[in-house]
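Chemist: Listed below, chain by chain, are the residues.
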Amino acid sequence: MARSRIPSKQTRMVFAALMASPLEWRHGYDLAKSAAMSSGTLYPLLIRLHERGLLLAQWKEAERPGRPPRHVYRLSAKGLAYARQIELTAEDGVALSVSRSPA
Amino acid sequence: MTVHDWLANRLTHIAATRLRRSHPDWAQAILNEHASIAGEKERLGWAFGVLRASLAVPSHDLFYPAALTLAVSLMVLYQWSADEGVATLMVLGCLGGCLGFLRPKHFLLSGFAIGLVVSAVNGFEWLSGIHPEYETTPRTLWICLHWLIFIVPGLVSSIAGRRVRLKLLA
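Line order of the protein sequences matches chains G and H. Per the numbering used here, the first sequence starts with residue 1, numbered consecutively. Per the numbering used here, the second sequence starts with residue 1001, numbered consecutively.
Isolated chain H, as found in the complex (with noise of 0.2 Å):
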C-alpha cells in the first residue's frame, strides 16, 4: 500500500466514523465509493473532499445540546455578574450569532433561548429574593416581562450567525 492510499483509506474512515451516528447509509456509501475508485490520486482527492463532506454534514449528536447548554451558561454568568447594557447586548449577540452559525436549522430555538437569559434571571432573583450585590432595585413581575424585549436581539443574532453559514455552504 502506498502512502497515498494509506492516508486515503485514514481520511475516509475518519469521515465515515464521523458520518455513522447521525446518517450510517451515508457513512458505508462513501467507504463503498472510496473502493470503487481507481487511481491512487483520485482517491486521495474523493477522501479529502469526503472529509470535508463529514466536517459540513449536521450531525445529530450531542454537539449542538452541549453548545447551548454552554451558550445559556455564559449569559446566566454574564447576567448574575454584571449590570445589564450594551454589554450585555454584545455577549447577547455573540452567542446567539455563534449558535446560529453552529446549528442553522435551530436559529428560533437559539435566539429564544439566549434572549430568555436576561428575564429568566430577573425571575429567578423576583421569586427567590437572592440577587447579586450591586442590585438594589427590587425585581418585579413586570420587570422580568419588559426583559423578555431581549428576544429580539436573541433571534436577530441567531438569524445572522444562520446567514454566514448558509451563505459559506453556498
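The following block holds chain G by itself, in its conformation from the complex (with noise of 0.2 Å):
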C-alpha cells in the first residue's frame, strides 16, 4: 500500500513546475528554471518521485546535433492523480489554469 505522507515544499514545487504542461515532457536544467530550484535539490526529487511510479523518465534525441541525448521527465498517470490530490496553490509557482485541467 502507498504510503500517504505531506510533501515538502520543494515536491510541490515540482509537481507545480510539472503540471504546468503535464503531457510535455521536460529536462532537468528547464524544470531546475521552473521550479526555482537547484539541481541538488531537484534530482533526489525525481529520483524518488521516479522510484515511487510518480515520474516517467525517457531518453529523448537532443535537438542540435553532435549534442547527448538528454533525459527527460512527465508525471506518470499515477503522478497526475497525486498532484490533484495534494491541491497545488499559486505558493507552488504553478499555473493554476493549466494544472487544474483534467489530464
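Hints may be right or wrong, so weigh each one.
As the list claims (entries may be wrong) - Ranges of calculated distance between the beta carbons of each label pair, as one might list FRET restraints:
#	chain 1	residue 1	chain 2	residue 2	range
1	H	V1152	G	A62	49 to 57 Å
2	G	S76	H	K1105	41 to 49 Å
3	G	G66	H	E1042	36 to 44 Å
4	H	S1022	G	L56	13 to 21 Å
Unchecked claim - The calculated lysine-lysine pairs, modelled on DSSO-like cross-linking and capped at a C-alpha distance of 30 Å, are:
#	chain 1	residue 1	chain 2	residue 2
5	G	K9	H	K1105
6	G	K78	G	K60
7	H	K1167	G	K78
8	G	K9	G	K78
9	G	K9	H	K1167
10	G	K60	H	K1041
11	H	K1105	H	K1167
12	H	K1167	G	K60
13	H	K1105	G	K78
14	H	K1041	G	K78
15	G	K33	G	K9
16	G	K33	G	K60
17	G	K60	G	K9
18	G	K78	G	K33
19	G	K33	H	K1041
As the list claims (entries may be wrong) - Short derived list, chain H residues pointing at chain G, Cβ under 8 Å:
#	residue
20	H1023
21	I1030
22	R1052
23	A1056
24	E1133
Keep in mind the hints are simulated off the structure, nothing from the lab. Virtual Cβ for every residue (Gly too), placed ideally from N, Cα, C.
Join the two chains into one complex using the hints; note that each chain is given alone, in its own frame.
Modeler: Rendered as C-alpha cells:
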C-alpha cells in the first residue's frame, strides 16, 4: 500500500512545474529553472518520484546534432492523480488554470 | 577550457561516478544534461548542485551494511566491557540515531539490530558460560528475554535519527 505523506514544499514546486504542461516531456535544467530550485534539490526529488512510480523518464535525442541524448520527465497517470490530490496552490508556483484541467 | 568549465566537468563526473552504481541512468542523465547547458557559470552552478544531489541520494552500496556491522560491533564491545545501565542506553541511543540518520529507509532494521545486542550478548553468556569477570549474576533465559526491552529504545533512537534526516532533506 502506498504511504500517504505530506509532500515537502520542494516536492510541491516540482509537481507545480510538471503540471504547468503535464503532457510535455521536460528536461532537468528546464525543470530546475521552472521550479526555481537547484539541481541539488531537484534530482533527489526526481529520483524519489520516479521510484514511487509518480514520474516517467525516458531518453530523447538532442535537438542540436553532436549533443548527447537528454533524460526527459513527465508525470505518470499516478503522478497526475497525486498532483490533483495534493491541491497545488499559487504559492507552489503553478499555472493553476492548466494544472487543474483534466489530463 | 576555462577553470570554470574544468571544475564543472570534474564535479559532474564525481557526482556521476557516485551515482553510477545505484542509479546508472540518472548518472548518465546528469552528465548529458551538463553537456547541454549553455553558459559556464550556469554549468558550474549545475555541477555543484548535482554533486550535492549525489550525496543526498541513498546509494545501494555497502555503506549501510558496513555502518550497521560497525555499530553492532561497537554495541557488543560496550555491552561486553561495561555493566548495563543508563550509559548502555545512551550508547545504544547514539548508535541507533546515527543509523536511522544514515539510512532512514532502514530504520526498523537499525532499531531492531541495535536493540537486540544486549539480549544477544546475555544469550551468548547463558549458552556458552563465558562471561566478563565483573559479571557475577548467572544468566538465565528469562534474563535474556528481559533485555529484549532494549529493542524499544533502539527503535525510538533510529526513528529519531530518521526524522532528523527527513527534516533536513525536506
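Chemist: Please go over all the hints and tell whether each is borne out by the structure.
Modeler: Hint by hint, here is what the structure shows:
Checked against the given bound of 49 to 57 Å, the beta carbons of V1152 (chain H) and A62 (chain G), roughly 55 Å apart, stay inside it. The hinted window of 41 to 49 Å between S76 (chain G) and K1105 (chain H) is violated, with their beta carbons roughly 22 Å apart. For G66 (chain G) and E1042 (chain H), the hinted distance range of 36 to 44 Å is not satisfied, since their beta carbons lie about 19 Å from each other. Roughly 20 Å separates the CB atoms of S1022 (chain H) and L56 (chain G), a value that falls within the hinted 13 to 21 Å.
A C-alpha spacing of about 21 Å is found between K9 (chain G) and K1105 (chain H), which places the hinted pair at or below 30 Å, so the restraint holds. For the proposed pair K78 (chain G) and K60 (chain G), the alpha carbon gap of about 22 Å is at most 30 Å, so the pair holds. Taking the CA atoms of K1167 (chain H) and K78 (chain G), the gap is about 25 Å. The hint holds against a cut of 30 Å. Of the pairs offered as hints, the one joining K9 (chain G) and K78 (chain G) holds, with about 20 Å between alpha carbons and a cut-off of 30 Å not exceeded.
At most 30 Å may separate the alpha-carbon atoms for a hinted pair to count; K9 (chain G) and K1167 (chain H) meet this at roughly 12 Å. Of the supplied pair hints, the one linking K60 (chain G) and K1041 (chain H) holds, its CA atoms being roughly 25 Å apart against a limit of 30 Å. Pair hint K1105 (chain H) plus K1167 (chain H) holds up; C-alpha atoms about 14 Å apart against a cutoff of 30 Å. Between K1167 (chain H) and K60 (chain G) the CA atoms are separated by roughly 35 Å; this puts the pair beyond 30 Å, and the hint is violated.
With a CA separation close to 22 Å, the supplied pair K1105 (chain H) and K78 (chain G) stays within the 30 Å bound. Distance check on the hinted pair: K1041 (chain H) and K78 (chain G) sit about 37 Å apart at the alpha-carbon level, beyond 30 Å; violated. In summary, the hint linking K33 (chain G) to K9 (chain G) is supported, as the alpha carbons are separated by about 16 Å, within the 30 Å threshold. Of the pairs offered as hints, the one joining K33 (chain G) and K60 (chain G) holds, with about 19 Å between alpha carbons and a cut-off of 30 Å not exceeded.
A C-alpha spacing of about 29 Å is found between K60 (chain G) and K9 (chain G), which places the hinted pair at or below 30 Å, so the restraint holds. Simply put, K78 (chain G) and K33 (chain G) have alpha-carbon atoms about 24 Å apart, close enough for the 30 Å limit, and the pair holds. Among the hinted pairs, K33 (chain G) with K1041 (chain H) is consistent with the structure: their alpha-carbon atoms are about 14 Å apart, no more than 30 Å. Checking H1023 (chain H) against chain G by beta carbon gives a least distance of about 6 Å; that is within 8 Å, so the hint holds.
With 8 Å as the threshold, the beta carbon of I1030 (chain H) comes within range of chain G, its nearest partner Cβ sitting at about 7 Å, so the hint holds. Annotation: interface hint on R1052 (chain H) holds; nearest CB of chain G at approximately 3 Å, less than 8 Å. Checking A1056 (chain H) against chain G by beta carbon gives a least distance of about 5 Å; that is within 8 Å, so the hint holds. Because the beta carbon of E1133 (chain H) sits about 49 Å from the nearest beta carbon in chain G, more than 8 Å, this interface hint is broken.
Hint violations for this structure: numbers 2, 3, 12, 14 and 24, all remaining hints satisfied.
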